[in-house]
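J.: Chain by chain, the residues:
Protein chains: 2
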Amino acid sequence: MVIILMGVSGCGKTTIGKQLALELGLPFFDADDFHPKVNIEKMKNNVPLNDSDRLPWLNILVEKMIHWDKMGGAILACSALKESYRTILSSTQTSISWVFLSGTFELISNRLKARKNHYMTTDLLQSQFEILEVPKYGIHVNIDNSIDEIIKHINLKLKLMKQSVFGVIGLGVMGKSLSLNMAEKGLNVSVYNRSEEGEEKVVSNFINENDTFKNILGFNDLKQFVRSLEKPSKIVIMVKAGEAIDGVIDQLTPYLTIGDVIIDGGNSYYEDTANRVGYLKSKGIHFVGCGISGGEEGARKGPSMMPGGSLDSYQKIAPVLELISAKDKNDQPCCSYIGPDGAGHFVKMVHNGMEYAEMQLLAEVYAILKLSFANEKIADILSDWHSTDLSSYLLEITINILQKKEKNTYVLDSILDVAGNKGTGSWSSKAAFDLGSVNTIMSSAVFARYISSLKQKRKSYSSLIKQSNKEIDVPHIKDLENAYRFARILNHHQGFELIRLASIEYNWNLNLSEIARIWTNGCIIRSNFMEQSVEILKEHETYFEDTVLFKSLIIKESNIKECISYALKYRIPLDTFWSAYNYWVSMTTENLSANLIQAQRDYFGAHTYQRKDDSLLKFYHTNWI
Amino acid sequence: MVIILMGVSGCGKTTIGKQLALELGLPFFDADDFHPKVNIEKMKNNVPLNDSDRLPWLNILVEKMIHWDKMGGAILACSALKESYRTILSSTQTSISWVFLSGTFELISNRLKARKNHYMTTDLLQSQFEILEVPKYGIHVNIDNSIDEIIKHINLKLKLMKQSVFGVIGLGVMGKSLSLNMAEKGLNVSVYNRSEEGEEKVVSNFINENDTFKNILGFNDLKQFVRSLEKPSKIVIMVKAGEAIDGVIDQLTPYLTIGDVIIDGGNSYYEDTANRVGYLKSKGIHFVGCGISGGEEGARKGPSMMPGGSLDSYQKIAPVLELISAKDKNDQPCCSYIGPDGAGHFVKMVHNGMEYAEMQLLAEVYAILKLSFANEKIADILSDWHSTDLSSYLLEITINILQKKEKNTYVLDSILDVAGNKGTGSWSSKAAFDLGSVNTIMSSAVFARYISSLKQKRKSYSSLIKQSNKEIDVPHIKDLENAYRFARILNHHQGFELIRLASIEYNWNLNLSEIARIWTNGCIIRSNFMEQSVEILKEHETYFEDTVLFKSLIIKESNIKECISYALKYRIPLDTFWSAYNYWVSMTTENLSANLIQAQRDYFGAHTYQRKDDSLLKFYHTNWI
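These protein sequences, in sequence, are chains S and V. Final position of the first sequence in my numbering is 625; the numbers increase by one with none missing. Final position of the second sequence in my numbering is 625; the numbers increase by one with none missing.
Be aware that a few hints might be false.
DMTMM-like, lysine to aspartate or glutamate: derived pairs with alpha carbons at most 20 Å apart [as the list claims (entries may be wrong)]:
1) V:K470 / S:E505
2) S:K405 / V:D614
3) V:K618 / S:D413
4) V:K457 / S:E590
5) S:K459 / V:D614
6) V:K561 / S:E471
7) V:K612 / S:E406
8) S:K157 / S:E23
9) V:K466 / S:E562
10) V:K281 / V:D250
11) S:K18 / S:D211
12) V:K618 / S:E406
13) S:K466 / V:D250
14) V:K223 / V:E184
15) S:K422 / V:E230
16) V:K185 / V:E230
17) V:K455 / S:E590
18) S:K152 / S:D211
19) S:K457 / V:E557
20) S:K407 / V:E243
21) V:K405 / S:D384
22) V:K569 / S:E184
23) V:K569 / S:E590
24) V:K422 / S:E505
25) V:K457 / S:E471
26) V:K459 / S:D221
27) V:K459 / S:D613
Simulated from the structure, these hints should not be mistaken for laboratory data.
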């Protein structure tokens, strides 16, 4: 961008231009220095230049500006009094910011008189005022002010005129982090937050706290916010999932035009997202439901991103999303087009369900170990695990948590055992029920959180139970380690099965290996095993089809069995480990007892049954009585 | 009802009337036999009767008809040529069917001539034709036909004119059974089924197969079906839940008027039902979502009924629903107004979820026992249980199933172990996730069915597992019996908790004890324990608040632990037993390991946590790194 300071001689173009150049770190040029020799001679001899004299000069300036723009921008002082001169200067792709320095004849005349060695006479100034065609655009600054004031004013206006590449609506933890991530990557970002009661200062506080970033513009006015965005506008909504999203969309759409892109970066329900994709498509607006994982830190430094919607929509935002996302071990972005409709949010939902289970498995490991060991010792045991293929982000933070002390006591020990939940875990389980997908592990983790919330009842019921005071045998750590390894594999198996079945049901054509890849960094469930999963799911439809992995599960069955027996012995709730174990045993049992269920259903409801010894297409009914 | 055969002398009133009386099993009367003496004298002397002569006679007939109607109806031959005579005869509450026997003068004149000993002359006949005012209503029969033809015609018309008390749409297993149940209780019922390809003969086959019931009218035309119903019309829809219901409602409403009642007797999703209640209310039509349990036999002989919607709507159908429902041990109907909106279908949905769990528990009992015992022996063990407080309908049919042989082999042994499911089980689980209700037991039962359906995969994976050939210890039957008792109580606890939480969430004000009462008969989960539940839930908010019951659970904990250990040892999937056990242990554990979950959530998502040593209203955040 080239900033052109224009106005009559003596308005302060050079002084202000040099000062501005200093502040913005841009080179300063004076247009007069680029006159061809013949013009310089004429001026020396007090022969006025006519417009045909000026044409070669203006053309030189155009070429210079193209060059300066490529080099990162410049500031040019150039009187450019006539609109025709300015038209020539604008006849290039270079983005120009016009700054018109305006003052009265008297003011400038007096200033000129005070200058020494200036060839300008009062008559000449008078003629300049006569020639001047005041531009109807650009930044207009009254020079009857201190230089500092003038510079400040220009800076502010320049900032406001700058078109942002991306807009962010909603400055919660995730919205803030994502905005800073973009700003740090050099993108101009506009941010908006509603100014309801209690939120009036959210935007200004955010801008003030992050004033080292000059490329963030804050707005409390949605229309101004949208105006600040380059076209087509790209806006990511980071507000609470649910009706709030529709509210924002309704407020936003009047200011949008065909081809603009809205991204929902929250944890919206995938069916809602599919509806919104369809609704906005009918208005010519792109809608991308983009799961974003990584928490506050991920959003700030590089999250894992799961965009869904039309491929066409994704491509319009891909450069930015891929720029700000985490990178995998091969430096590829942890962001990849997932699939149509709500596929992105579906995959994010399952990610969170798997996260629930991974967290609950660690909580159950902790439940077993804390009966025998102090926090530091548990951290040591888990650190050993973390140095193996069990390494993961969640294991790492668990070790840190176990070690964290405040005022000489472990923080963990004083935290209330009531776990919150925000929907995506239970949604995963519900989706599994709808899809006929076996999802025992993450369901048990969600239920475990529900049970945790019944603290008062648990306290009251437990008081009725006679507490055992038998001595506790130390658990076998190697069993536990392998049980944990076993249960994690089963959790990944069930999670990816849920995605696979959804892909079939909804014709999404999802790439499981690619989903595992974008989960290898940036997201909460990133782990060594996720790295392995990229390869496993490239080769096999499910984990169980990988015979090496399958055999390793067979070997570990005895380990998890031991852990469950241990938990039974000491009354330790261990539902998520059990769910993994029971699923494994069920899936490796040829004949279950479901024949009785079918008999019962046929008995009371005439639902019929199939026979072991006949075609599956044949349905039998027995008169049982 | 009194059927009056009318027409001129010689039209055949007596002959046809006597024949019809024979067919319908009703007494036949001749109006002429009720003339006062003075009239008889006049007639003997060929003095014609005038209208004032006839008045006392008509009044005698009115009184007789009231009496006959009370006695079950009659057939009356009465010329009733003038409308004014008929008006007098109709001046009572007695329901009358007019049958006008019509023939030409020539025909009747010829017939009269053929009769011997008849005092009628051609002149008199001529004067009767002159007096005759042909009624604009009633059944008109041309007598120029054989007596059989005439009788058949009258019968058909009588049947069509009869207004039905209830209409049934959809003649599947449940629709048929419900219609027969109503018919058997003496109600006139109209039935309708669509006549799409393959269903053309559903109605006629049903009518033919059940021709002992004279009070069922069949229709393939929806308009005629509605016309056959008394006002306000009461129609129960027995079609597949989902969009089909809305389709039927859309087809039906043009023929309905304000105040009519539609009942959805299928397993509709409760939120759909709530929407339909609202939608139809706006049209002035009552909509009752009525859960019906009991399978084919229950629907036929008396189901358990769970009607929901407005109380006003329910009251319009209460007499019929309570008449056809099962009766509890105090002979009270197993039908009771549940609550507003979709409350009836919600409660039915939970009933089915509990049914899934009850069935799965029996399947798991069977899975354990079948490793050591033959079917007959298992049936013996379960029969012992059935003679205790464990007695239930599902246990009873399981015993019958275990004993059932065809061609000398047990039917059960040849049934494929792939269990079907139809939605309500998974809906219960999904509702539990939405309501934050802990629903591990029925969820595990639903997932067990899903796993059963993966037969091919199970077969293939199990082939990779080395089968153990160690000898199997016989299970401890008393442990198993108490474990089963324990798990069933927990299942009822979770089920009623789900209902209780829904009642709070939706302001339904449900009566848990009353719900248990209507489940004591007619439905699939009726049992001795359900009888106990009526009292428990009258006294306590939940089962756990009953200290006697709670203590009995404490005692049985060791039994279920033994069974789980046994299952672990022999690789028997036992998820539903485990779910009951683990829930119990969790709910009686004061301090769970959920503090770690909260720490993790605060670590990566700044979700904050509460502390054990501070107010629950205070939320903390730690800078973990």
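J.: Please go over all the hints and tell whether each is borne out by the structure.
T.: Right, here's what the structure says about each hint:
no.: 1; hint: V:K470 / S:E505; result: 43 Å, violated
no.: 2; hint: S:K405 / V:D614; result: 18 Å, holds
no.: 3; hint: V:K618 / S:D413; result: 17 Å, holds
no.: 4; hint: V:K457 / S:E590; result: 9 Å, holds
no.: 5; hint: S:K459 / V:D614; result: 16 Å, holds
no.: 6; hint: V:K561 / S:E471; result: 19 Å, holds
no.: 7; hint: V:K612 / S:E406; result: 15 Å, holds
no.: 8; hint: S:K157 / S:E23; result: 15 Å, holds
no.: 9; hint: V:K466 / S:E562; result: 19 Å, holds
no.: 10; hint: V:K281 / V:D250; result: 14 Å, holds
no.: 11; hint: S:K18 / S:D211; result: 24 Å, violated
no.: 12; hint: V:K618 / S:E406; result: 18 Å, holds
no.: 13; hint: S:K466 / V:D250; result: 61 Å, violated
no.: 14; hint: V:K223 / V:E184; result: 25 Å, violated
no.: 15; hint: S:K422 / V:E230; result: 52 Å, violated
no.: 16; hint: V:K185 / V:E230; result: 17 Å, holds
no.: 17; hint: V:K455 / S:E590; result: 7 Å, holds
no.: 18; hint: S:K152 / S:D211; result: 15 Å, holds
no.: 19; hint: S:K457 / V:E557; result: 19 Å, holds
no.: 20; hint: S:K407 / V:E243; result: 62 Å, violated
no.: 21; hint: V:K405 / S:D384; result: 59 Å, violated
no.: 22; hint: V:K569 / S:E184; result: 58 Å, violated
no.: 23; hint: V:K569 / S:E590; result: 17 Å, holds
no.: 24; hint: V:K422 / S:E505; result: 18 Å, holds
no.: 25; hint: V:K457 / S:E471; result: 44 Å, violated
no.: 26; hint: V:K459 / S:D221; result: 63 Å, violated
no.: 27; hint: V:K459 / S:D613; result: 15 Å, holds
In the structure shown, a violation is registered for the earlier hints numbered 1, 11, 13, 14, 15, 20, 21, 22, 25, 26, in ascending order.
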